[in-house]
Amino acid sequence: MTRKDLANLMFPNVTETIYDLEKKYPKRKLDDSQIVTRYAPSPTGFIHMGNLLSAFIANKVAKDTNGIFYLRIEDTDNKRKVENGISKIIDDLANFSIVPDEGVMSEDSQKGEYGPYIQSERQEIYNVYAKYMIENDLAYPCFCTETDLENIRSNQEAKKERIGYYSKYATCRNMSVDEAYRRIENKEKYVIRLKSVGDFEKRVVVNDLVRGKVIFPENDIDHVLVKSDGIPVYHFAHVIDDHLMRTTHILRGEEWLSSVPLHLQLFLMLGFEVPKYAHLGLVMKIDENGVRRKLSKRKDKEAAISFYHEKGVPIEAVKLYLMTIANSNFEAFLDANPTAKIEDFKFDFKKVSASGTLFDLDKLINISRNYISRLTALEVYNYALKWALEFDKEFASLLEKYKDYSISIFNIERNQKKPRKDYDTFSSIKSHIWYMYDEYFTDLEYNWAKINDKKEISEILDSYINNYYDIEDDKDTWFNKIKELASSFGYCPDMKEYKLNPDNYKGNVSDIATVIRVAVTTSTMSPDLYEILKLLGTDRIKNRFINIK
RNA sequence: GGUCUGUUGGUGAAGCGGUUAACACGGUGCCCUCUCAAGGCAUUAUUCACGGGUUCAAGUCCCGUACAGACUACCA
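Be aware that the first sequence starts at 1, since it is given in the numbering used here, and climbs by one per residue.
Keep in mind that a hint or two might mislead.
[What the hints assert, rightly or not] Dumping the calculated DSSO-like pairs for lysine-lysine here, alpha-carbon to alpha-carbon at most 27 Å:
1) K506 with K63
2) K63 with K88
3) K187 with K160
4) K29 with K4
5) K534 with K450
6) K319 with K63
7) K213 with K227
8) K187 with K202
Bear in mind the hints are in silico, worked out from the structure with no lab data behind them.
Remember, it's a predicted structure, so these values are computed and weren't measured experimentally.
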């Protein structure tokens, strides 16, 4: 029996060779500066912040260099599969305007010459390499059972030796071809393991784009390459896929860093060119106990991107935030070029933080607030309506019913060099402007301030609406009238004068203005009163005044 | 246990052998002001996890320690 016989027994249907595959998936006709990279999630149907960040960066890098960004689905583990998982991922990405150039485009369509891009459809390809490795003594079948493996492990623990299936502990490594052949013929279960050529005493250097040189012992573990069900493990699939898809840069989470020595060995054994690696820091958070840990999609609501959707954080703001955590110099760039877009900024691997980023919701919200403040009133209206249609139907119907009026509300103090920044998210808008709609102006609780005597309030309001208020007044006239009103009730019309001689007056203009403000909004805080009154109109003002008696 | 990685303020961070240790968010105070928001002005790390060493000079280089994280699966 030869290795070739063994290989044929294991893979009777494989007729292609690795050389055929090389020809079938030729090197891409791109120059060295063009980056080919990918996002390769499992179809769990759920993208969380950390994943989104790496997809975002990968896409950015490809776009920056006029390269290719593709989507590959890694479904070699059935436990991770979820109904419609693929479309959910694609939709989420599309929401952030990340559309792959190539790869999986929808639940049942793929695009590109380097596919298939779903691992479960690449079984024949993996078989070709597995067969090649068996034939060339680069891998071997291993018949160890779970208990065999446990024994090895406990044995190693007892002797305080390194854990793993390697050298003298790799019991199937030196099994004769004849025995292996016989046992496979006997239908014994087996996995295929790498016949590692590494030496733990020797070092390999990994050149990581974000961390620089990282030195590891060589890998000497005979890792499982193909599971007993014939499906490859991640490591094997990664090397084959990324080579055949001619990926130039592998961007992935830090959790993969320590398996690079294995991957390097695989690339070498298979005669593949080694791609460049960039291991991104994990997105972390401080939990309730003050412990810094990986942002978890199960425990942390802010990990789910749907959280931002529900909250009404503009997608553009999330992108800006992602860019600032991807490259910390992005903020400075934006400061220097206020009108610049993310597309104008060039991503730099060297500027990626190697330590895990602590996810900062406050900062994201702040970015969102600033972003919303820069929109036009119409844009705010459209976004707010879109959000409300999904999450607050009642509010949505008011927005639709009073479209122009609503836009005018959003316009208050917006067209000025430094626009008002009331709204941090679209979901927060209603709490700022509810009182502008009569439909909501019921069951009121007035928050009177300094002047809280019913009789005085009533007199002030009567006098104002009967003797002073005119909707046609310009702002100066309007305010002068408030001052006159204040004087007539013994309140100082001028703030400076009041501060000099507070004892000469019952109070000042602001106290009077506050009465009017509370009467129409119930609150002591509001945007520009002049604008509010003007938008409400005389009749509504009157009604609200009467309401108070 | 082993192998890696990381550690600069409340937070994100700049810094790459000589700087007053940037900048942004947040906090605090004051000013402006009809309120709020915004804005303006201040202020918020005598010190870069700790201990040694190299150097005329160290967050910055080296070594130890501590802490945190990742990996150590027939999961990715």
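Is K534 within 27 Å of K450, Cα to Cα? Since the Cα atoms of K534 and K450 sit roughly 25 Å apart, the hinted pair holds (cutoff 27 Å).
Taken at face value, is the distance from the CA of K4 to the CA of K29 at most 27 Å? With a Cα-Cα distance of about 36 Å, the restraint between K29 and K4 is violated, given a limit of 27 Å.
Between the alpha carbons of K63 and K88, is the straight-line distance 27 Å or under? holds (23 Å)
Restraint status (C-alpha distance of K319 to K63 at most 27 Å): Holds, at about 15 Å.
Need the status of pair K506, K63: alpha-carbon distance at most 27 Å? Since the Cα atoms of K506 and K63 sit roughly 66 Å apart, the hinted pair is violated (cutoff 27 Å).
Taking 27 Å as the top limit, are the C-alpha atoms of K187 and K160 close enough? violated (36 Å)
Given the hinted pair K213 and K227, is their Cα-Cα distance within 27 Å? With a Cα-Cα distance of about 32 Å, the restraint between K213 and K227 is violated, given a limit of 27 Å.
Given the hint that K187 pairs with K202, test it: the Cα-Cα distance must not exceed 27 Å. Violated: K187 and K202 sit about 38 Å apart, past 27 Å.
Hints 1, 3, 4, 7 and 8 from the list above are not met by this structure, while the remaining hints are.
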